[in-house]
Amino acid sequence: MSVRLIRRKIVNAVMLALTGLCTLITASTLLVILGYLVFNGASSIDWNFFTRLPLSPGETGGGMANAIVGSFQILFLAAALGIPLGVAAGIYLAEFSPNSVFSFFVRYTADLLNGVPSIVVGIVAWSVVVVPMKRFSALSGGLALAMMLIPITVRTTEQFLKDVPVSMREGALALGASRWRAVATVVVPAASAGILTGVILGVARIAGETAPLLFTALNNQFWAKGWREPIASLPVMIYTHAISPYEDWHRQAWAAGLVLLALVLFANIAARFILSRGTHAQRG
Amino acid sequence: MSAAPESRVRSAIPAQTLPQAVDGGQADSRPIKLKATGIDFFYGAFQALHDVSIDFFENRITALIGPSGCGKSTFIRNLNRINETIRGARCEGEILLDGENIRDIDVTQLRRRVGMVFQRPNPFPKSIFDNVAYGVKVNGLARGKRAIEEKVENSLRRAALWDEVNDKLHKSAYALSGGQQQRLCIARALAVDPHVLLLDEPCSALDPIATGKIEDLLFTLKDQCTMVIVTHNMQQAARVSDYTGFFLLGKLIEFNKTGVIFRTPAQKETEDYITGRFG
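Going down the list, the sequences are from chains A and B. 6 is the number of the first residue of the first sequence in our numbering; add one for each residue after it. 59 is the number of the first residue of the second sequence in our numbering; add one for each residue after it.
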């Protein structure tokens, strides 16, 4: 064997090992986080955690029922505002005006908005909603998260619509459908699995956001009495419990982290499942 | 060159199998259904068609042949104005449907009257039933469940597909074979009762047996509508069509009865093409 060939074999082996190692590190990060959360938090998860309100420091027991429900309330609000807006804008960009200057501007704005630090989104929501209303509220929290959800939804919707073959649109138009009818009854349904997946992933992403909620939804040790009240959420609850000096609260924070991560993981798995079924159906 | 299936009666080119009714260059006894005059077509700055004029006679099949990129598909895509959906596309000249300028007809109405079947089967991601019912519903051609069901069955029968799918109407259209999907697309187009049916290389993605079925189907549909078929398969043009137009580099080189084109073409280019000297 020539020296050159030996060198090539060695380089090949080293590079393979290096990339393999990096892959392993990447994958194990998630496992380490998960393991850490389970190790520190699993013991605090019990029935009370899901059904009871937080207790004052010093008292043991209590739970985060209000934060779990509160998180869902804020996410519901964000989704109700962000998804219709984002999907509609995505449809416009992909189907009705893909090449206009206006669309270019919107697309660019969406990408920039996607990169705005979440704390800045929080400040904006605070000054636009909290200050005029003179109160922290679930409403302002939902609005802040909606601002983060919209650009994600716009871009994923647009992308999945663009992946629908042109022949599908032409097929509908050639049968005498108007453009809107073709989009609504053929193109969007053809991309629905993808759009739904994108939306779920977007919601999962904002579910863990803390910064936009810190000075909008604030926090609440009790049940919120309405959308105009401050409301508890898992991320903020984790934050306040983790920086507290109480051992018992720390354990609760770990448990809340574990629950939040489980919810996000579940959403991701659901999204993948929907996407794989959607594409499967198209292949027949 | 692909061989035609042997079992088929109307096989390849030999002159004696050409339609007997067509000889001589006289005008057809049928009225002109669709009349294109002086069509120039541009993709942006590129001119894809140069001054193309063709008369399509009612209840006749007209084949457009020519090498890839000669503009034959581009041409028929103007007949139902589907080319308008392409950005930067521009069509000049006049196209009359029953004497009426197609630009003056509402585009959705035009496309109901001038149906189209595409190169690759493009069923919607819906059930077989919903695919066929789509145009019926969009155009409001039948009201009520029963009426729509009748329309769907009727269309599938006309496309010779009913016997193969009547027990799985509510299954996904993607479960069908390529040839069945293409006949489904024909059924879908027929469901809105078009007067003209444009077929853009409808068999190019199909095997010879599926191709044979589609060709047989075209014969049975002849008395129901006027058809224009783009094909790069010359045997197919010879088998199915009454008239043939030969395109080359965006120009209509020759147009005549199919028998004339294949037996005594007037132009050197046509002869070279049909004898396989190029293309």
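In case anyone wonders, no lab produced these hints; they're calculated from the structure. Hints may be right or wrong, so weigh each one.
To be verified - Short derived list, chain B residues pointing at chain A, Cβ under 10 Å:
(1) P89
(2) I90
(3) T143
(4) L154
(5) R178
(6) N180
(7) P181
(8) P183
Here the structure is a predicted model, which is why all the values come from computation and not from measurement. In this text, a Cβ means the ideal position worked out from N, Cα and C, and glycines have one as well.
inquiry  = Tell me the hint numbers this structure goes against, listed in increasing order.
reply    = Per hint list: 1, 2 and 4 violated.
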